[in-house]
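Please work from the sequences and hints to get the whole structure.
2 protein chains.
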Amino acid sequence: MLLIRPATIQDAPLIYRMIRELAAFERESHLCVIEESDLVRDGFGDDPKFSALIAEWGGLPAGYAVFFDCYSTWVGPELYLEDLYVRPDFRKKGIGMALLSEVARIGLQHCRAMRWEVLDWNQDAIVLYKALGAEFREQWKSVALGRDAMRRLAERNL
Amino acid sequence: MLLIRPATIQDAPLIYRMIRELAAFERESHLCVIEESDLVRDGFGDDPKFSALIAEWGGLPAGYAVFFDCYSTWVGPELYLEDLYVRPDFRKKGIGMALLSEVARIGLQHCRAMRWEVLDWNQDAIVLYKALGAEFREQWKSVALGRDAMRRLAERNL
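Protein sequences appear in the order of chains G and X.
FYI, the numbering for the first sequence is 433 to 590, going by our numbering.
FYI, the numbering for the second sequence is 433 to 590, going by our numbering.
Since the hints were made in silico from the structure, they are not lab data.
In this text the structure is predicted, and so the values were computed from the model without any measurement.
Hints may be right or wrong, so weigh each one.
Since the list gives no way to pick one copy over another, a pair counts as held whenever it fits inside one copy or between any two copies.
Said to hold, decoys possible - The calculated lysine to aspartate or glutamate pairs, modelled on EDC-like cross-linking and capped at a C-alpha distance of 20 Å, are:
| # | residue 1 | residue 2 |
| --- | --- | --- |
| 1 | Lys481 | Asp501 |
| 2 | Lys481 | Glu587 |
| 3 | Lys525 | Asp556 |
| 4 | Lys524 | Glu488 |
| 5 | Lys525 | Glu488 |
| 6 | Lys524 | Asp443 |
| 7 | Lys525 | Glu587 |
| 8 | Lys562 | Glu587 |
| 9 | Lys562 | Asp580 |
| 10 | Lys562 | Glu467 |
| 11 | Lys562 | Asp470 |
Structural data, given as structure tokens:
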């Protein structure tokens, strides 16, 4: 019933749709400005910047995961899980766990740990991650700097 | 007086020492298990997993930054700032800002945003980041899964 498979370039429109669904679920649609062509170029070109898995349930697209390599100066090579999403009609079937499990299998080939972020109100996800033995790094705050602010910062020392 | 330069393989012992200093400052020495040989292989081999900058003040090593490419499914290519560190004797001279500025210049070549994490008690850093116009993503929690837990997760669906 459940199939987890690597995404191909043909999946870019599907991944794009599910990214938009995830952004809506996370109440961040206004921040989601990526285009399908970005995903084609960045995920499936000569130098892929991310990997993706697709979950299918009874042949229907049910969810996805996006991840890439990152690096911890405490630990060494790590895997960063950027997105994990299961469509509403397909929840409570273990699909999120199956996606996570496959990401872990891939990560174990060359990574010493995994990291990701979760919204503090997403209780279903938090319960799942705690059951896995994940550590919640409560003292760490997530910070972002947009391109305009980067440009101002880059010009500081000229 | 101040020089910001890319790190070379000869800097690996220095970077290792400063990583240990940063881990002590962040009260995470017990989590810092990386070895100098990891940094040599992962930063300066055929397929570098991170980039590093060294700050020198009057010819003395004063700080460093470690960063790498990451990816946002909302925005596209981003730069992840893993470490930013200025040694205690060299603080309040603008060295952290100069390192950040150079990281931003590098990032602007191919990234649409930067992201990083900060400890919630590190007020000096928080004040600096707010002055740059950084966004503090208060609802997001940082999560990590170690290698043993990854192994248990990977074995779930076998």
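Status of each hint after checking the structure:
no., hint, in the structure
1, Lys481 x Asp501, "both (9 Å within a copy, 8 Å between copies)"
2, Lys481 x Glu587, "neither (27 Å within a copy, 27 Å between copies)"
3, Lys525 x Asp556, "within (13 Å within a copy, 46 Å between copies)"
4, Lys524 x Glu488, "within (14 Å within a copy, 55 Å between copies)"
5, Lys525 x Glu488, "within (12 Å within a copy, 55 Å between copies)"
6, Lys524 x Asp443, "neither (24 Å within a copy, 50 Å between copies)"
7, Lys525 x Glu587, "between (51 Å within a copy, 18 Å between copies)"
8, Lys562 x Glu587, "between (43 Å within a copy, 17 Å between copies)"
9, Lys562 x Asp580, "between (37 Å within a copy, 14 Å between copies)"
10, Lys562 x Glu467, "neither (33 Å within a copy, 29 Å between copies)"
11, Lys562 x Asp470, "neither (33 Å within a copy, 30 Å between copies)"
Hint compliance for this structure: hints 2, 6, 10 and 11 are not met, and every other hint is.
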